[in-house]
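*Asks:* One letter stands for each residue in the lines below.
4 protein chains.
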Amino acid sequence: MSEGMGRGRLEAFSDGVIAIIITIMVLELKVPHNADFAALKPVLPVFLSYVLSFIYVGIYWNNHHHMLNMTQHISGAVMWANLHLLFWLSLIPFTTAWMGENHFEAAPTALYGWVLLMAAIAYWLLERTIARMQGDDSPLAAAIGRDIKGKISPVLYAAGIASAWVEPRIAGAIYVLVALMWLIPDRRIERRLRH
Amino acid sequence: MSEGMGRGRLEAFSDGVIAIIITIMVLELKVPHNADFAALKPVLPVFLSYVLSFIYVGIYWNNHHHMLNMTQHISGAVMWANLHLLFWLSLIPFTTAWMGENHFEAAPTALYGWVLLMAAIAYWLLERTIARMQGDDSPLAAAIGRDIKGKISPVLYAAGIASAWVEPRIAGAIYVLVALMWLIPDRRIERRLRH
Amino acid sequence: MSEGMGRGRLEAFSDGVIAIIITIMVLELKVPHNADFAALKPVLPVFLSYVLSFIYVGIYWNNHHHMLNMTQHISGAVMWANLHLLFWLSLIPFTTAWMGENHFEAAPTALYGWVLLMAAIAYWLLERTIARMQGDDSPLAAAIGRDIKGKISPVLYAAGIASAWVEPRIAGAIYVLVALMWLIPDRRIERRLRH
Amino acid sequence: MSEGMGRGRLEAFSDGVIAIIITIMVLELKVPHNADFAALKPVLPVFLSYVLSFIYVGIYWNNHHHMLNMTQHISGAVMWANLHLLFWLSLIPFTTAWMGENHFEAAPTALYGWVLLMAAIAYWLLERTIARMQGDDSPLAAAIGRDIKGKISPVLYAAGIASAWVEPRIAGAIYVLVALMWLIPDRRIERRLRH
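Chains as they are written, first to last, in my numbering: chain A, 75 to 269; chain B, 75 to 269; chain C, 75 to 269; chain D, 75 to 269.
Hints were generated in silico from the structure; no laboratory data involved. Some hints could be false.
Since the list gives no way to pick one copy over another, a pair counts as held whenever it fits inside one copy or between any two copies.
[What the hints assert, rightly or not] Taking lysine to any residue and the SDA-like style, the derived pairs with C-alpha atoms no more than 20 Å apart in a straight line are:
1) LYS104 / PRO116
2) LYS223 / GLY150
3) LYS104 / ALA184
4) LYS104 / VAL117
5) LYS115 / VAL189
6) LYS115 / TRP188
7) LYS104 / TRP162
8) LYS104 / VAL189
Using the sequences and the hints, build the whole thing.
*Replies:* Following this line, the structure appears as structure tokens:
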């Protein structure tokens with residue numbers, strides 16, 4: 075738990091955990107016993123929730139990479155904030171399968187959003203922990219200040235969780251919307267980094 | 075999502091995902107309850123499809139490595155094109171098990187080819203994305219122009235999918251053929267690279 | 075089995091194994107068939123034991139990282155002492171699931187503590203093996219001398235195993251206590267390393 | 075498939091696959107439904123075969139590391155010889171579980187030895203492929219000439235396979251013997267490498 079830890083091994087470990095999370099989700103696609111396409115029908119909702127979760131985990135991997143690029147040293151607090159984020163991400167395969175196998179019913183759809191919300195909070199905590207270690211004039215602290223997506227996402231997840239009890243399809247649409255929001259490249263940041 | 079991302083972590087993450095894909099397929103080889111060799115008989119078609127998929131994933135890992143060797147920087151678009159490829163590869167364990175457990179019947183054999191086709195298209199998209207970033211006079215753009223195997227493969231996969239409905243064994247033979255085509259080393263390229 | 079092995083690949087391999095251990099535990103969270111929150115009730119004890127084990131594996135990864143930071147070369151003996159540690163850690167998913175699925179009954183709770191005890195002993199053996207290779211005046215040998223947590227933990231695990239037969243909740247409380255003890259950062263060491 | 079590939083990514087990929095193989099074996103330790111130690115009894119033979127296979131995979135990881143340390147460049151042939159070795163290693167979780175769940179009966183014990191034999195042959199092929207690339211006066215070619223363990227092991231595996239049909243316990247004893255033979259450090263080589 076020293077300030078002297080480099081970021082290399084933290085990245086490698088996080089990459090390993092995220093790679094496993096994104097891949098073991100596919101194990102929840104249970105192989106049907108029949109050999110016609112009709113047998114795939116019950117797999118379809120699990121597949122759709124797999125696609126959504128694959129994109130979410132991909133977004134987290136991408137953002138995680140960029141955030142760590144802005145730091146050199148890792149304190150014990152950063153390490154545990156990172157493990158805390160990985161913990162919530164590791165629950166995504168479970169909530170994905172529960173939501174998919176129950177055809178996007180209220181409770182599983184709400185829980186799916188809740189784990190996304192907790193992951194977003196964990197990500198924000200990790201970001202704050204790194205920024206605090208670096209001081210208020212660090213580039214990361216400035217980036218957090220401008221991070222509009224990061225501030226809107228938790229609000230949208232909460233809206234998704236609430237609307238799951240009214241109509242799960244609204245919740246699903248909100249989760250897709252947040253994913254799309256993150257998928258669209260942030261031209262301003264890319265330009266800034268190029269200079 | 076910056077142009078400033080190095081290729082190291084993209085390679086490490088892709089390696090992790092591909093290593094997991096190639097290994098979890100073996101979990102579909104269900105351990106038989108009896109202790110004689112006759113009990114292995116139902117495992118045999120799953121084993122054969124495992125061998126074929128192992129070779130395919132190995133080919134993708136190999137080609138992926140060489141393609142990334144030709145680039146230094148990774149843009150957000152490249153990162154998502156890469157995740158898109160990993161997505162289709164991650165479905166191979168599912169289609170492998172479905173095809174194997176149903177003894178190469180029409181629908182599973184067609185779906186197996188379809189996932190291979192989508193992976194080939196995703197690979198081509200990734201290649202184009204990197205080449206566009208580098209400009210038309212890049213070594214990668216030149217390599218794509220000469221890439222005959224990459225152009226024939228999708229046509230053969232499509233032929234495999236179509237023939238699965240007539241006689242799945244023809245489809246299987248075509249998939250084996252494409253794998254062999256990629257396994258045979260490309261002496262011309264090796265020679266070129268040595269100079 | 076040479077003294078000439080660098081520590082990089084040992085770290086990478088250990089990271090891979092630990093990342094898989096920490097992630098496959100989540101596969102024991104069996105997806106319930108019903109879609110209401112009541113269906114999650116039987117998953118809850120498995121979830122709680124998952125949280126505890128996640129923290130334990132995180133602690134081991136963290137400490138493992140710091141210990142290896144104090145060495146440059148790896149002998150054959152170190153490599154096997156490291157594999158021995160990974161072996162006991164690899165049993166944590168099994169004992170976690172057994173304890174969780176049986177609602178913290180005596181035998182599973184005792185076995186859970188026993189695997190923690192064996193992992194602690196394996197960690198101590200690895201530490202001793204590296205220190206012996208480096209000589210008695212090495213920084214690691216000095217660190218072991220001061221390592222109070224490392225000396226108390228096995229005693230507490232043994233107390234946990236014994237008390238599981240009287241009241242498993244006492245054992246559970248002890249395991250949580252040991253985890254908390256390790257989670258609290260060791261300010262003295264961090265300060266020392268900063269200088 | 076170029077001679078220009080560095081060995082770093084081959085090592086990283088192999089480490090990933092071997093780390094997954096050594097860890098997913100533990101998933102075959104099926105969690106018993108009862109909470110007393112008697113419920114662990116059927117798990118015991120699976121556990122014992124897990125211990126043996128863990129050691130074997132550890133030995134392969136160790137030897138693989140040392141062999142690759144003696145080479146800098148990787149040809150297409152080396153890459154496929156390496157994937158061929160990983161293929162046979164990937165079957166160890168299956169044969170381990172089949173042997174363990176059937177209490178070391180004849181057929182599973184023979185198949186277990188057969189996969190070990192194929193892995194040994196694949197290892198030898200990989201070694202020869204690297205040595206051929208480097209030329210007959212390479213240090214690796216010299217090391218192969220002196221490699222007595224590598225020459226005895228396949229003979230012992232074959233003896234194990236044959237004796238499994240007479241008395242599986244003899245086969246088991248032979249597999250344990252080969253593992254011990256590899257575990258004992260090779261002082262001569264360590265000394266040579268130190269100079």
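*Asks:* It remains to establish, for every hint, whether it holds in the given structure.
*Replies:* Verification of the hints:
1. For a Cα distance limit of 20 Å, the shortest separation of LYS104 from PRO116 qualifies both inside one copy, at 9 Å, and across copies, at 18 Å.
2. Proximity of LYS223 and GLY150 under a CA criterion of 20 Å is satisfied inter-copy only: 17 Å between copies versus 28 Å inside one chain copy.
3. Proximity of LYS104 and ALA184 under a CA criterion of 20 Å is satisfied inter-copy only: 18 Å between copies versus 23 Å inside one chain copy.
4. With identical chains, the CA atoms of LYS104 and VAL117 are at most 20 Å apart both within one copy (7 Å) and between copies (17 Å).
5. For a Cα distance limit of 20 Å, the shortest separation of LYS115 from VAL189 across copies, 17 Å, qualifies, whereas the shortest one inside one copy, 27 Å, does not.
6. In this homomeric assembly, LYS115 and TRP188 come within 20 Å of each other (Cα to Cα) only across copies, at 17 Å, whereas the closest approach inside a single copy is 27 Å.
7. Within a single copy, LYS104 and TRP162 get their C-alpha atoms only as close as 24 Å, which misses the 20 Å cut-off; across copies the closest is 17 Å, which meets it.
8. Within a single copy, LYS104 and VAL189 get their C-alpha atoms only as close as 23 Å, which misses the 20 Å cut-off; across copies the closest is 17 Å, which meets it.
In terms of the numbered hints stated before, the structure departs from none.
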